[in-house]
Amino acid sequence: MSGYESGASLPSRSLRDSEHYARLETPRASSRSFELPTHHVVDVSEGARSFSTADLYHADAKMATNNHHSPTTNTPMPDHRSRFLSDGELLLAANPVPTRESFATLNETDDKAWHQRSTELISKMLNTNLERGLNGMDVERRILRYGYNALEEEARTPVIVLFLLQFYNLIIAMLLVAALASLALQEWVEGIAILAIVTLNAAVATIQEHSASNALEALASMSSPQSLVMRDGMQQVVDSKQLVPGDIVILVTGDVVPADIRLFTSVDLKCNEMLLTGESEDVPKKFNAPTFAAGAGKPAKLTANNMVFSSTTITAGNARGIVVETGMNTRVGSIAALLKAKSGGPDDATEKKWIKNPIGDCIAKHRPKPTPLQLSLHHTGYIMGVIALGVAVLVFIVGMVRGEKDPKHPDRPVYLTMIMAAVSVAVSAVPEGLPMVVTICLSSGTAEMIKKNVLVRKLAAVETLGAASVICTDKTGTLTEGKMTAVKLWGDFKEYTITGKGFNPEGSILSVDGVSQAEPEAGNVQVRATLMAAVLCSNTQLKQVEGEDGETSRWMPFGNSSEAPLVVAAAKAGIWEDNLVENYPRIVEVPFSSSRKMMITVNALPVVNGTAMLDTLSFPGDKLPKLVANVKGAPNYILRNCTQFCRRDGTFEPLNNTQRNEISEAVDALSSQALRVLAVAIQPLSELPYAKGCDDADEKFAALSKPLIFLGLVASIDPERDGVRDAIATARAASIRTVMITGDYLATAVAIAKNIDLLQVGADPEAQATDCTQLRPQGDVYLPPADIDEITSRTLVFARAKPEDKIEIVKSLQRQGLIAAMTGDGVNDAPALKESDIGVAMGISGTEVAKGASDMILTDDNFCSIVSAVEKGRVIYANIQKFVMFLLSTNIGEIVLIFLSVAGGFPLPLEALHILLLNLFTDGMPAVALSLEKGDPHIMNEKPRHKHSSLIQGRLWLLVLCNAFLLLAGATTTFLLGQYWNFGELLTDDIYKAGGGADGTDYTDVTCRRWEGMDDGWRTFGNCAAQYSDGTYIFGDEVAGMSSFENSTVYCEGGDYDCVPAGLGRAQTMVFLGLAFTEVLRAYTVRHFTETVFARMLSNGYMQLAACMSVTLTVLVTNVPVVMDDIFGFEYIPWFQWLVVGAVAFNGAFWGEVLKAIIRRHDRAQARWDHMKAGFEEILLEIRHVRHHVERLEAGGLKHRVKRQ
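With the first letter of the sequence shown counted as 1, position 775 gets the number 775 in UniProt numbering; the numbers rise by one all the way through.
Read the hints as simulated data drawn from the structure, not as lab findings. Each hint should be verified, as a subset may be incorrect.
[Stated by the list, open to error] Distance condition first, Cα-Cα at most 25 Å in a straight line; then the derived DSS-like pairs of lysine-lysine:
1. Lys626 - Lys452
2. Lys1156 - Lys934
3. Lys483 - Lys501
4. Lys934 - Lys947
5. Lys501 - Lys543
6. Lys452 - Lys501
7. Lys124 - Lys112
8. Lys286 - Lys112
9. Lys124 - Lys286
10. Lys943 - Lys811
11. Lys754 - Lys623
12. Lys572 - Lys483
13. Lys626 - Lys501
14. Lys241 - Lys458
15. Lys943 - Lys1156
16. Lys947 - Lys458
17. Lys947 - Lys452
18. Lys754 - Lys501
19. Lys458 - Lys934
20. Lys483 - Lys754
21. Lys1156 - Lys458
22. Lys572 - Lys494
23. Lys692 - Lys623
24. Lys811 - Lys947
25. Lys483 - Lys543
26. Lys706 - Lys692
27. Lys943 - Lys1173
28. Lys286 - Lys692
Please work from the sequences and hints to get the whole structure.
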């Protein structure tokens, strides 16, 4: 968006600046400092408000009212900023009535009365200088004395509290109950092991959340508000929290007031104080406004007209002021403190709350607010948890009815065995690592976006980015470089060429025959008058600045980008702003606004030899004009107010309709060359045509804007940004529609859109480009929604757009089910940013209000960054889908495995400790690696998802369920083989009946048949003293008394040896290894939804690390003595069982790849059909275009024949 649309901050000149006027850069465009003259006032290109800032606030926002007062009408809350308000500001916004009363109370009790003191007295009281501001030492001392300029907020959650919050989880609670039950029954190893794993998980999650919180705080600090101040006699941009009483602050349109400030200069200043007063209307402010005390003839106003207060918004004009209060001493801070104190007392709610829950209050206070995606995942986990609890209860009941004993712990009570089984079901169902992985994914994604010049202000925007289907973007500075260069000048019905490149004031203004027209000697009064009036009506200066790192000096414009080409072109004609200040002092300025589309300045005219002169242009007549109103702006707005035009020799002639149409045709011709055209006009004045003391900018504008004398047109070009064409092509391939919204003429907009390939070759500009006046053909009344939807559904270029049009365009796109991202930089863009699904503010040219209303900020104002952000958003969302699929399929497979084992009468294939280890570490590490995937390079060739679509849907559920089945089949096969190879039986009852059978909890008479391999065959294991039910020894009388015995078919030990735990331990070891290896391989297959596992297999270094760590951990816990047997109950398994485990893992991965191959084949067939369908639609569209073209030719021919007749 150009400066004429954006409301960019500009310097302004006054009579006091006539002797020495220094350069000024657009605020917040840079942190460099510039010297300023005395009482310099910063102005803005967007002066009077063209869009009511009441529309910045969401009318349906929920408001709280004072319980102790009568009901009042709810006041809307500033929703577009509420997402980023501090705790104190939110408190005020939620309590409008108490806020007003507290404000009135503070006014009555305020003994300082800053608004009633003169600025000279205040400057002495605060020991500051109105011209130079404070120095660095003063600032440091005052920060120590007054503190930082920030409202008190809730203290950051301590790490220990963050750690304890990890235990506030139903599944963790169940694990803790199981651990305590184990300890109570002196099952020390298992109880301590569960506690250790849960604690380790909590520690890892705490570290991750803490680091993510640090990263988000760093992001927030990068987007913290900044203020323009005078310090050490220089203009500086500082963080608002660094302000101290006595600072001199410069305020411009779009600023959020950083502190309580007493004004000492102002120009057409308006402020929205809705946060303090509840009033949505803007309040005029004036530095010298009179103040009335209550009872002095007028009622006392709630806020003083010569002060602005912290957290309010500047909606028009500019000003300078002295900071008088900061931090909690501001009105916002004081009111917040009063409201907090009042809310601390008893009220109806607290009286009804008989029992306080400090733990619940602490949890509510410190738990972070989840994003919509995290809430969705929490909901998914909740549903799975409910299902798991139901299954767990069913398992417990079935087990208790059947009286299932745990073969590995025969002395354990049945109820405890079933509790552990139920806990195993619950643990297997809930993905414990999911919240941690989501946090890592979102925080790392936002950090990656910073590298792409995108600063995310709200985590939810990361999720929405992947669904963006329309990008509505400004033109100037976003699609283009924002470096306007004047190339054409038109006047007196002749066109001139302006030579030269960039901002270097070297060049000429040449006529068609190549003769220079710039010098006074050339005699072209009209050309020089056009350039002179343009410079007088500008606030931009051209200065030569030193290059960095020893580079040569270069010319730079400081001010509005739209005025830069005018001052550069004038400099080529020898007309410099510095040389005009003394002879043509500025008297009045009416700033540009998006509704007026013009800027007007009134300058004094010098009298030379009895003639009023504007450079070489003389004004004839008996009464010499003393002033001249210089006007520049949109040609159509200026042209309709012109009654005369200037000839080459400086004479004025009446402007008739034929000449007016010829000028309009010249504008169209220049616009069709992708040139931005500004018109320049003047009005000689004997005196100001409005009442003395008039402060209304609109009244001044009405008096000065007509009748005008047309001088000429200046046409500039703004080159497209590098990479914009490719970015638009990338967005188009991703089925994302790019819509350009600009204030330029339709012809200019269409030409630029063609240059950047937004309008492709063969496209119909009449169908895809729209003048925004078509949206509101009756002035400010918009078409019905259905008609607007028809226009927006086909339009790629909107020209001559107002900020209000953006809102209607966004609403229309949303009605069509599209997800719209909207860019903006001015204060009037805030409603559209709020209304859109993704508000994108400009980091360089954007105002604080626009940034506050946005979800993300482009730090380089570049369209390419938006497309990169969308791509990253898609990658993040796809990564979340991948690890959720990975974890869900694992957990579904595990819960079904446990349930079938208990219901089928099998021993437990895995214990709670094993599942916990699998879910948190063996699965958790690959899941984290999946969240850090770089993404599919073809992800921008896919269509955007629907905003409200489920995270897992359609074919993804097919993949989840198929993978869960493959995992279940592999684990079941491994477990059954393990059972058969270690017992010769499958069911628990059959195992207990082998040999002499079990006697209660005594399993010493049970024997186990174990397969030792092809060479050794079957072998019987058991206790040497094992007996059959008839009392005979199973291994013979000779062996019964031995401590051990072994031959090719028998192995036994004496004492209390029991073969069942060892056999079950081997079977469980096989299942654990099979699941762990299957998950490692499956993590590689899940990296791509449909592509083969070998595609970019080694591109993610985190995956290689996670796989190595997972395999290493698995091997260690199943082979290191004490850890494997005493803690986890694993056993060594022979080599052929390792081969089976590996085969099962590769088998699962193989069939997973077969499933993806089937999907790929289906996609290729669908793609062929879609290609044929698209080709047919293109043919129909081409036929339609040809038909329309023929109809237009026939209509034109018929009109021509009628005209001839």
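Status of the hints after comparison with the structure:
Taken as a hint, the lysine 626 and lysine 452 pair is broken in the structure, with Cα atoms around 55 Å apart against an allowance of 25 Å. Proposed proximity of lysine 1156 and lysine 934 is supported: the alpha carbons are some 20 Å apart, at most 25 Å. Note on lysine 483 and lysine 501: the hinted pairing holds, with a Cα-Cα distance of about 11 Å set against a maximum of 25 Å. Annotation: proposed proximity of lysine 934 to lysine 947 holds, straight-line Cα distance about 23 Å (limit 25 Å).
Between lysine 501 and lysine 543 the alpha-carbon distance is near 16 Å, which keeps this suggested pair within the 25 Å criterion. A C-alpha spacing of about 30 Å is found between lysine 452 and lysine 501, which places the hinted pair above 25 Å, so the restraint is violated. In summary, the hint linking lysine 124 to lysine 112 is supported, as the alpha carbons are separated by about 14 Å, within the 25 Å threshold. With a C-alpha separation of about 20 Å, the suggested pair lysine 286 and lysine 112 falls inside the 25 Å cut-off, and the hint holds.
Distance restraint check for lysine 124 and lysine 286: the Cα-Cα separation of roughly 21 Å lies within the 25 Å cut-off, and the hinted pair is therefore satisfied. Restraint check for lysine 943 and lysine 811: the C-alpha separation of about 21 Å stays at or below 25 Å, so the hint holds. Annotation: proposed proximity of lysine 754 to lysine 623 is violated, straight-line Cα distance about 52 Å (limit 25 Å). Distance restraint check for lysine 572 and lysine 483: the Cα-Cα separation of roughly 17 Å lies within the 25 Å cut-off, and the hinted pair is therefore satisfied.
This hinted pair does not check out: lysine 626 and lysine 501 have alpha carbons roughly 37 Å apart, beyond 25 Å. Between lysine 241 and lysine 458 the CA atoms are separated by roughly 21 Å; this keeps the pair inside 25 Å, and the hint holds. Pair hint lysine 943 plus lysine 1156 holds up; C-alpha atoms about 20 Å apart against a cutoff of 25 Å. Taken as a hint, the lysine 947 and lysine 458 pair is honoured in the structure, with Cα atoms around 17 Å apart against an allowance of 25 Å.
Under the criterion of a C-alpha separation no larger than 25 Å, the hint pairing lysine 947 with lysine 452 is consistent with the structure, at around 24 Å. For the hint pairing lysine 754 with lysine 501, the CA-to-CA distance comes to about 23 Å; that is within 25 Å, so the pair holds. Of the pairs offered as hints, the one joining lysine 458 and lysine 934 holds, with about 22 Å between alpha carbons and a cut-off of 25 Å not exceeded. For the hint pairing lysine 483 with lysine 754, the CA-to-CA distance comes to about 19 Å; that is within 25 Å, so the pair holds.
Distance restraint check for lysine 1156 and lysine 458: the Cα-Cα separation of roughly 35 Å exceeds the 25 Å cut-off, and the hinted pair is therefore not satisfied. With a C-alpha separation of about 19 Å, the suggested pairing of lysine 572 with lysine 494 holds against the 25 Å cut-off. Distance restraint check for lysine 692 and lysine 623: the Cα-Cα separation of roughly 21 Å lies within the 25 Å cut-off, and the hinted pair is therefore satisfied. About 15 Å separates the Cα atoms of lysine 811 and lysine 947, which keeps this hinted pair within 25 Å; it holds.
Distance restraint check for lysine 483 and lysine 543: the Cα-Cα separation of roughly 15 Å lies within the 25 Å cut-off, and the hinted pair is therefore satisfied. Note on lysine 706 and lysine 692: the hinted pairing holds, with a Cα-Cα distance of about 19 Å set against a maximum of 25 Å. For the proposed pair lysine 943 and lysine 1173, the alpha carbon gap of about 17 Å is at most 25 Å, so the pair holds. Taking the CA atoms of lysine 286 and lysine 692, the gap is near 16 Å; set against the 25 Å cutoff, the hint holds.
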